[in-house]
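If you're matching them up, the sequences are chains U and F in order.
Numbered according to this note's numbering, the first sequence spans residues 1028 to 1269.
Numbered according to this note's numbering, the second sequence spans residues 1028 to 1269.
Treat the hints with care, as some may be off.
Because identical chains share one entry, a pair is satisfied inside a single copy or across any pair of copies.
DSSO-like mimics (lysine-lysine), calculated; alpha carbons at most 30 Å apart, straight line [as the list claims (entries may be wrong)]:
(1) 1202 - 1060
(2) 1223 - 1123
(3) 1139 - 1234
(4) 1169 - 1060
(5) 1166 - 1060
(6) 1139 - 1166
(7) 1128 - 1202
(8) 1202 - 1169
If you are wondering where the hints come from, they were derived from the structure by calculation, not from laboratory data.
Number of protein chains: 2
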Amino acid sequence: MRPHVVLFGDSITQQSFRSGGWGASVADTYSRKVDVVLRGYGGYNTRWALFLLNHLFPLVSEGPSPAAVTIFFGANDAALLEGTGKRQHVPLEEYKENLRKMVQHIRDCSPKTLVVLITPPPIDLDGRREYARSMYGDKASKVADRTNEVTGTYAEQCVAIAKELGLPSINLWSKMQETNGWQRTFLSDGLHLTPKGNAVVFGELVKILDEAGFSDLPYDFPQHSEIDEENPARSFTQVCTA
Amino acid sequence: MRPHVVLFGDSITQQSFRSGGWGASVADTYSRKVDVVLRGYGGYNTRWALFLLNHLFPLVSEGPSPAAVTIFFGANDAALLEGTGKRQHVPLEEYKENLRKMVQHIRDCSPKTLVVLITPPPIDLDGRREYARSMYGDKASKVADRTNEVTGTYAEQCVAIAKELGLPSINLWSKMQETNGWQRTFLSDGLHLTPKGNAVVFGELVKILDEAGFSDLPYDFPQHSEIDEENPARSFTQVCTA
């Protein structure tokens, strides 16, 4: 009945319903207007995510197509070949091609769906090191699993693909680094988001959704103050027989 | 594809995806296992909510029926006839009958759906007064819109209906009052929930869902650590052709 907004991505999407999470905030903001569908897959890169496309966005579907889809990958693609995340690494050119395939597939399903590309956030090496030590102590790898520079090249190409395909995008990598102390303010372990980091994603995404008319969508049923308490059936008949 | 958990209720449900909200926490806890569907209608009582039943839970539906539904009304039904919320008031006997109708309707749609009844939270008169003053200043009504005692009778009957129908229930009214200082710890305006109040609903609901097997539900796709990086197609073929 309500339009769907699908959040498709890696752990930063999967965790977006934690306290202060950007996904839950989107659901709250558009409550009674859209349904937010969480499709976050922790640890996934774009290569693995391609296998999900046909299942999450079937070409032939009984239901309505999503009104919007966020595609938020790259943090794992950008894992270094020399680090502990090497199995997640996807070369930059393949990352770009995978993003193109995702967008094309969603367009094949539903040409009207608003697709938003989100870049990975920046990487804070100190935060990554501290996290590894807190998890593995002296056994923590001394080699970085990601660097800010390499992740930046993925972010840059994500924005370029959005431009090439005529889509809105959120350059989280750049946006976050505009704030002094972004390393601790926005990142909890040098990669994942604090509540303030979640607020950045939320703020940027809501701008795009509102510009596309999402805040103007109708409520699914009357506001309680509009219900005729003497004859409530009348208030609902108008809406529900539509 | 995934089982649905529908949260049906008034503002305390509608607001459950705010930061620290109980609904978002349920979505986070069972992420990649269930989809949480938010159907909260601020200001609604059970009388008005009955008009939504056929739309939210159609008797004939293409899609899968919900795995679980929470029914969380009563805070508005219990508004006093003498107060500012009088138009929301529903007599106790009608509230009981309306709860029965809701449960019966959901059972008619899908006999296997787990239905959980949740009572309204307790009422803190001082919190309500302060809230009214903060909103309306000197024009705030001096008459209470709700009392803890009256709301308690609705909570008691909600639990009785759950027992009569063989359903699990959460007696939020009683549970919260077991904690000293519940008035400020759990309630933000004498009625709605603080993050700690949300945590009470979440904790009680997860106990019920886990007992019904929800934590044992399978993930929708392989965990990233289980993906064969040399041959990822194999990891997905096993799951996706099922």
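Here is how each hint holds up against the structure:
{"no.": "1", "hint": "1202 - 1060", "result": "within (28 Å within a copy, 33 Å between copies)"}
{"no.": "2", "hint": "1223 - 1123", "result": "within (29 Å within a copy, 43 Å between copies)"}
{"no.": "3", "hint": "1139 - 1234", "result": "within (19 Å within a copy, 41 Å between copies)"}
{"no.": "4", "hint": "1169 - 1060", "result": "neither (48 Å within a copy, 35 Å between copies)"}
{"no.": "5", "hint": "1166 - 1060", "result": "neither (49 Å within a copy, 33 Å between copies)"}
{"no.": "6", "hint": "1139 - 1166", "result": "neither (50 Å within a copy, 49 Å between copies)"}
{"no.": "7", "hint": "1128 - 1202", "result": "within (26 Å within a copy, 51 Å between copies)"}
{"no.": "8", "hint": "1202 - 1169", "result": "within (29 Å within a copy, 49 Å between copies)"}
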